[in-house]
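**Q** Sequence order for the protein chains is X and W.
Quick note on numbering: this note's numbering labels position 310 of the first sequence as 583, and the sequence is numbered without any gaps.
Quick note on numbering: this note's numbering labels position 317 of the second sequence as 590, and the sequence is numbered without any gaps.
Take the hints with a grain of salt, since some may be wrong.
You can't tell identical chains apart in this list, so a pair holds if it fits in one copy or across any two.
Unchecked claim - Derived BS3-like pairs (lysine-lysine); straight-line CA-CA distance at most 30 Å: (1) K619 to K448; (2) K446 to K470; (3) K369 to K335; (4) K335 to K570.
The set of hints was computed from the structure by calculation and includes no laboratory data.
2 protein chains.
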Amino acid sequence: MPLFLNNDEVDQLITMKDTMEALEILYREMGQGAAVTAPRSDVHTPTAAAANAEGPMAHYLKSMSGASPHFGTAALRFSSDIVAWRDSGGGMRREKLPLLPGQRWMGIILLFSSANGELLAVMNDGVLQRFRVGGANGVSTKYLARADAETVGLIGSGWQAGTQVLAVCEARKIKKIKVFSPTKANRENFARVTSAKVGIEIIPVDSYEAAAKDVDILITSTNSRQPFIGKWALREGLHISAMQRDEFDDEALLACQPLVLHTHSIENNVTSSALAHFERADFTLRDHPTARGIDWKSLPTLADLLAGRVKGRENDRQVTGFVNNLGMGAQFAAVGKKVYDAARAKGLGREVPGEWFTQDVHP
Amino acid sequence: MPLFLNNDEVDQLITMKDTMEALEILYREMGQGAAVTAPRSDVHTPTAAAANAEGPMAHYLKSMSGASPHFGTAALRFSSDIVAWRDSGGGMRREKLPLLPGQRWMGIILLFSSANGELLAVMNDGVLQRFRVGGANGVSTKYLARADAETVGLIGSGWQAGTQVLAVCEARKIKKIKVFSPTKANRENFARVTSAKVGIEIIPVDSYEAAAKDVDILITSTNSRQPFIGKWALREGLHISAMQRDEFDDEALLACQPLVLHTHSIENNVTSSALAHFERADFTLRDHPTARGIDWKSLPTLADLLAGRVKGRENDRQVTGFVNNLGMGAQFAAVGKKVYDAARAKGLGREVPGEWFTQDVHP
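Just need the whole structure built from these sequences, with the hints factored in.
**A** Here it is, written out as structure tokens:
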């Protein structure tokens, strides 16, 4: 019977250790061609919610899928949102509006058994999403950072920064973390709460330059659309761990050896959109990434690295880099199975009859 | 609160009239660029179910989506199946195995409101699938067959043939239908049951040539992978209505003016597959369509026809044709809304709390 799990439950069940173990297996499987991830599908259409809105809005149905033979699972993740484009210094940014009852959003992971096809679980994606993002950076850090790395600079203290700290602490024996984010109260609060959680000293600093100075690992966890970290931040032996591709500039990224991407699937994503149909011309000013001077397709992926097709770090002087450029549906098949197994072991979640999702015909 | 509807309930709620009305609006909307459909995503991976199997097997996660602003809905349809490839005269055929408890399959339509994003319904796809296939042929017949068409030849008496009869009877005042399928008992049973349902004379005949002879509309509803109907079957003023592209040969199809496709999206479908990883080389002998000498991309679609970009029938002598070459996710957004509204009006279905599918964060 399919198990419904909400974010509170996922939060009780998931660990960064499990997440990174699952992803490490997955990337190796992907490198061997056994696990697969499908391009994301984005469907945008006009929405009745836009009737009295000031700016451009749309309904946005997103879906992505993938499967891991090792875990015996496949996953389909979807979200259904009303999105609005807002001008926010440096370009238009897409915001998801909480229009569901109780001012909520919808983001779901469907986890299937690939042994018999059955639907195992229906999970909220909020918590799992943070862990799989942090976990991807964590696995790359495990393979690319210096073995004796112990100091971290973290830029960003938002939604994703907490799991970045969990991940880097899982990958290396970290002793000290400096954190910067623009709002003083936010970075101080983040440092206090997160330090208590991981038992490591976390020091708020008042500039990103200060956060980046004299560290072994530099992590970015921002939503910047304009690169703001250059070669000035690189020192011998550094590993840079970027949560997305628009934080480090071209020169900084190209100085990394190797520079590893999460995936190339961004090139294949499919946008099926009625945006051209909208009346407002500014609707086309979407939050597309900054144009960059990097041939992303030529870069190795984490799957290439774990399958041994590219060399990782070879000495303590080189600068290495990882860019978590885009997520993959297959991550939810791997990490989702860990969460599902933990839920069954602890008896958490709610069930509906399996027949609600099955039928006696196959069209 | 999301409404769960099973096939029995959908069967009570759906009508061919509603289906064709919804699809007609949808195709016009698509022709105008307002409604959208996304390419289908197919993920195949190795399955533990294959351990003791004789032939090649895989887990197959399929998903497709689309949206209709007119209906204020978006739909995501998915299925999770164990599939096996079997040699069946003329090529390998993919079969879905009923491995879910109770020997069942899984095929679900998720229907969303594009006004606020909420999940409206979770429906079995079996019945709706038949109606949307028949409905697409029905809409094309409405626009392409002679206004006075009254006799039909039907080749096939299987799962999809019943809705093809409902559709052609909705499109024209039909007086007589001849049906052929290879097994005598099947065609006789089909004729008896379906005739009682639509109140029209249905005569079983003992060859497909006999079914095709002297009719105004010729419908195919088979799973043939080898074209078996040639130009010999065409007579002045005929409309041919094919359920898939491998029933009529090139010469017959190219004699149609116009020859209209359901969609071009087959060209964009995305297969993300670990099939190459499988040990058995014959796994690659998949059920791909016969190579054809037709430039499918150059043909107009039903959306083109309804938006007025191509001419339909201009006289009573020309032969017209429609090929329902592939489905579209957007069909479920349109027809699904009709079913959902009917279910709410009649109070059918089961609900789960909306919170089971929503969250207070947006990743």
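**Q** With reference to the structure, classify each hint as holding or not holding.
**A** Going through the hints against the structure:
1. K619 to K448: The answer is neither: 33 Å in one copy and 64 Å across copies each exceed 30 Å.
2. K446 to K470: Within one copy only: 15 Å inside, 74 Å across.
3. K369 to K335: Both: 12 Å inside a chain and 27 Å across chains, each within 30 Å.
4. K335 to K570: Result: close both inside a copy and across copies, 24 Å intra and 27 Å inter.
Violated hint: 1 only; the structure is consistent with all others.
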